[in-house]
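Participant: What follows is each chain in one-letter form.
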Amino acid sequence: MSNSERPNQLFRNLNAKVASIPMILTALVVFVGGTAWTVLYSFTNSKLLPRLNFVGVDQYYRLWATPRWLVSIENLLIYGIISLVFSLVIGFILAALLDQKIRFEDTFRTIFLYPFALSFIVTGLVWQWLLNPDFGIQRVVRDLGWTSFSFDPLYNSSIVIYGISIAALWQGTGLIMCLMLAGLRGIDEDIWKAARVDGIPMWKTYLFIIIPMMRPVFITTLVIIAAGIVKVYDLVVAQTSGGPGIASEVPAKYVYDYMFFAQNLGQGFAASTMMLLSVVIVIVPWAYLEFGGKKRG
Amino acid sequence: MRYRFLTAAFAAFAATVALNFAGPAAATDLEVTHWWTSGGEAAAVAELAKAFDATGNHWVDGAIAGSGGTARPIMISRITGGDPMGATQFNHGRQAEELVQAGLMRDLTDIATKGKWTEVVRPKSLLDSCTIDGKIYCVPVNIHSWQWLWLSNEAFQKAGVPMPKDWNEFVAAAPALEKAGIIPLAVGGQPWQASGAFDVLLAAVGGTDAFLKVYKEKDAKFAGGPEIAKVFKAADDARKMAKNTNVQDWNQATNLVITGKAGGQIMGDWAQGEFQVAGKTAGKDYTCLPGLGLNEVIATGGDAFYFPLLKDADKSKAQEVLAETLLDPKTQVAFNLKKGSLPVRGDVDLNAANDCMKKGIAILAKGAVIPWTDQLLSQDSQKQKEDLFSEFFAKPDMSLEEAQKRFADIIASAD
Numbered sequence: 025m026s027n028s029e030r031p032n033q034l035f036r037n038l039n040a041k042v043a044s045i046p047m048i049l050t051a052l053v054v055f056v057g058g059t060a061w062t063v064l065y066s067f068t069n070s071k072l073l074p075r076l077n078f079v080g081v082d083q084y085y086r087l088w089a090t091p092r093w094l095v096s097i098e099n100l101l102i103y104g105i106i107s108l109v110f111s112l113v114i115g116f117i118l119a120a121l122l123d124q125k126i127r128f129e130d131t132f133r134t135i136f137l138y139p140f141a142l143s144f145i146v147t148g149l150v151w152q153w154l155l156n157p158d159f160g161i162q163r164v165v166r167d168l169g170w171t172s173f174s175f176d177p178l179y180n181s182s183i184v185i186y187g188i189s190i191a192a193l194w195q196g197t198g199l200i201m202c203l204m205l206a207g208l209r210g211i212d213e214d215i216w217k218a219a220r221v222d223g224i225p226m227w228k229t230y231l232f233i234i235i236p237m238m239r240p241v242f243i244t245t246l247v248i249i250a251a252g253i254v255k256v257y258d259l260v261v262a263q264t265s266g267g268p269g270i271a272s273e274v275p276a277k278y279v280y281d282y283m284f285f286a287q288n289l290g291q292g293f294a295a296s297t298m299m300l301l302s303v304v305i306v307i308v309p310w311a312y313l314e315f316g317g318k319k320r321g
Numbered sequence: 029m030r031y032r033f034l035t036a037a038f039a040a041f042a043a044t045v046a047l048n049f050a051g052p053a054a055a056t057d058l059e060v061t062h063w064w065t066s067g068g069e070a071a072a073v074a075e076l077a078k079a080f081d082a083t084g085n086h087w088v089d090g091a092i093a094g095s096g097g098t099a100r101p102i103m104i105s106r107i108t109g110g111d112p113m114g115a116t117q118f119n120h121g122r123q124a125e126e127l128v129q130a131g132l133m134r135d136l137t138d139i140a141t142k143g144k145w146t147e148v149v150r151p152k153s154l155l156d157s158c159t160i161d162g163k164i165y166c167v168p169v170n171i172h173s174w175q176w177l178w179l180s181n182e183a184f185q186k187a188g189v190p191m192p193k194d195w196n197e198f199v200a201a202a203p204a205l206e207k208a209g210i211i212p213l214a215v216g217g218q219p220w221q222a223s224g225a226f227d228v229l230l231a232a233v234g235g236t237d238a239f240l241k242v243y244k245e246k247d248a249k250f251a252g253g254p255e256i257a258k259v260f261k262a263a264d265d266a267r268k269m270a271k272n273t274n275v276q277d278w279n280q281a282t283n284l285v286i287t288g289k290a291g292g293q294i295m296g297d298w299a300q301g302e303f304q305v306a307g308k309t310a311g312k313d314y315t316c317l318p319g320l321g322l323n324e325v326i327a328t329g330g331d332a333f334y335f336p337l338l339k340d341a342d343k344s345k346a347q348e349v350l351a352e353t354l355l356d357p358k359t360q361v362a363f364n365l366k367k368g369s370l371p372v373r374g375d376v377d378l379n380a381a382n383d384c385m386k387k388g389i390a391i392l393a394k395g396a397v398i399p400w401t402d403q404l405l406s407q408d409s410q411k412q413k414e415d416l417f418s419e420f421f422a423k424p425d426m427s428l429e430e431a432q433k434r435f436a437d438i439i440a441s442a443d
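Protein sequences, first through last, are from chains A and B. If you number the first sequence the way the numbering used here does, the last residue is 321 and the count never jumps. If you number the second sequence the way the numbering used here does, the last residue is 443 and the count never jumps.
Just to be clear, a hint being listed does not mean it is correct.
[Unchecked claim] Some chain A residues near chain B, calculated using beta-carbon distances under 8 Å:
no., residue
1, Thr68
2, Lys71
3, Leu72
4, Thr229
5, Ala271
6, Tyr282
7, Pro309
These are computed hints drawn from the structure, not numbers from a lab. This structure is a prediction, so every number in the text was calculated from the model and none was measured. Just so it is clear, CB atoms sit at the ideal spot from N, CA and C, and this is done for glycine as well.
The shape of chain B in the complex, shown without the other chains:
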């Protein structure tokens, strides 16, 4: 009896083993980590998974909740700790710089040459951000720009004021909004939101040159000077308008705008995915002002996939397939429409894009682009900036002079 049982068990075991051996030949599992977890983002990432699965491989989703700030340390410690995933999202720029320098990331130059990435990826600065010492280490998948002001049409109707056309009109409309019981500006409690909002104000109120002088040339004297003082004045307006926001996450803040509880939000174009998931129409339910209506530029920040160096030959092969899939015109369109971001290829058809995306594409076509802080500053400087602005936004009695002085100090020591 026992003998028979053993035989059966062995047979079952053998069958499983056989299946396991058969498995990888047909489809390689590739774990992909990312921090796309809000409704709109999850819908977008599903498009990538679908496209990759269609190549006969299998996308193992490694979503890490809690935005980039939570996810990046986990990703980095997995890579440095010797348990690398198949591919991982980062914001292209300097976040993965040291991982590349330490030789932990895969050089994609061959695949890039084969796929003529230098010709199709636009604007060129995107690929530059992926390039370290002449070699390409990442695949940009989208262009995300922070420079958007999202306004709720419903909120402005309720307050009885016309839709503002730029930041200044928005500030002027704030008292009316407050009177109607609406929070004029929603800024969530996560530190990067406050710091991002300031950077947007810097590019919009201060202008492109001022932005580059501060973050690219790291001119501390200029950062402490009168031109940047104007930007701090605008940040003070924003601070006053945002004082009643009692939410943490950015998508909760976006939700306040969607439901008309808040007048507007300064947030990147990823907020658009949320409006879409909520079934809102651009122009009718919400309005978007790129560059806050003052300086229509688009920052070429965004997301990219990096591929850790793996020993497994099958997985390395699957990495190549994934890299090609990500830049495929069809994937680019499907993904970016859901995500609300702009595709990295100039040669794709985006008729399905909505008003806001079309505005973005037009600005991109004009070439009004600036690099973003992810590309210009180290994570260390970014974090100090976040600490400063989250304190600034939460503390109404922090003086503008003090804030600007500390800002100039950060720029002086920035790398």
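Isolated chain A, as found in the complex:
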């Protein structure tokens, strides 16, 4: 009974701790438990129903020998780079433009943010029509007189993933713009004044003063974009269903198709474990540097 101090520590803020129990349980059971279960069963030959019949790394071996999986990974990389770079750049530029104390700022902000209110399925369908050569942009331009004009990214295997990225950018950039705008508004007015007194041109102020100051906003944005990239699925389903052929397949769709359509849970689990692994490889060192460093500093 000498350490009567410790229970006090444990029961401090008791209400808050009790209140967070459901969330802790959810995290442990659903997230951690579900993940462990999936990884475990990825080493089995489960078909339609999960069965503990271990086959070692056979599922992984098959996965990496499947052309469709390799295409999916390649597409995810292209899509990832495009949406990361362009949504950051376009989002920031739009935000910087809106930040110039222009008129009708609210109107523009609403217009740019509006696509974000649509689901990926709706976005995908809209762009499927727009990019359809018989009804969309190509048709309109041809009707205007340029009869040799050709723009059908969704029907061309080699560029279809770019067609999908266009829709993703259209949908997602508005949100990034808003986050950036909030970040810009958080910058003290005096810093601008000081920069102006020193005669630093505006673009230099943005590049060397404002952006470094907006580091936390950029990190939040990065996490949001990255999560959106790995889980992309519905946009592809709505726009191309992975076609033409398998040219626009993505990993999440592989997982779904093999788990449910091919009735091969083991294969689907192996693919989803690979997705998890790729996220872990990227996130863990970064989170360690980012948050671990902050505590020390």
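With the hints as your guide, set chain B onto chain A.
Facilitator: Relative to chain A, chain B alone:
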């Protein structure tokens, strides 16, 4: 005032409850899930619903749009997830195999013995596909064969070439069709269409023996050999002829043939329902070539209804009624005429059938039947095959050797 209101509310509530109790005794609601959503299919399924409602029960339609590929995962997760429907469509064969093995499906052997299914259902292989370990688990409702080439008479007239009598003549006519601005062959973007078209070519160009050697015996060496290379050559022709098809769904592709924008389509006999809904006449507006005119066989794939094991006694009873209704001669005729498929009973009158269906019935009567891939291959192998052929059809620069090698690999690992 409030008191009076409460009484009224209670009375109303009691009345509703009474009605609810009275309801099930008269008619049991049975939810039936299926993926029949195109025009012709919906008309056919309405016949089943009508017949079932006439027995005093109530058919709750659970149509799932987007073809079997979308629908089956939903159905399976409802059954495995503990929310089973009253009855559900599958293609008979191996799609529901594991559900049956896991004891989630109802054993229909008693009803089958009572209704003498083994005597009336023809060909016998249909019921075999429903049988696992000597027990019957499904009711076949139709025979669907993939082996059909649908041709648009209008398109060939416009191109000024005579109607082809088989696949080879069709390939030869392709340049003329293209010149007239017509897509020679319509193949939609859904993966199963490409893979199905290849299977049809395999049975037609390669012959019945080759088909069975590849899919039944799973002879990978043969699948990589020179005889199958011929089939890949034909698939290459099909790929070239189909390169301008910009549609996804099979019925959109059929619609290209109906409107004369495409010369033909390799598609199962369910396409016929679309021609009927569009008011077209077989022989006059469109022509059908079973077995692509080369090898007149019919695959005995098709649709069947499976009944999940239910706890509710009323619903279980209604399941029995539905199972009997589905095989009833009158229902069989009404349903299959609308669907464009062949009935599973040999003893029904099909005078109302059109030319194409009669051709099918004649082939069936001759006994020229083969099992279909749904019965021979697992869904896993089917999916790999679909991935391969949808890539093959979409990628003009994929070499025949590479495609055939990958095909042989799939057959080697098939189960």
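Participant: Each hint: holds or not?
Facilitator: Now for the hints, and whether the structure bears them out:
no.: 1; hint: Thr68; result: 14 Å, violated
no.: 2; hint: Lys71; result: 6 Å, holds
no.: 3; hint: Leu72; result: 4 Å, holds
no.: 4; hint: Thr229; result: 50 Å, violated
no.: 5; hint: Ala271; result: 6 Å, holds
no.: 6; hint: Tyr282; result: 7 Å, holds
no.: 7; hint: Pro309; result: 34 Å, violated
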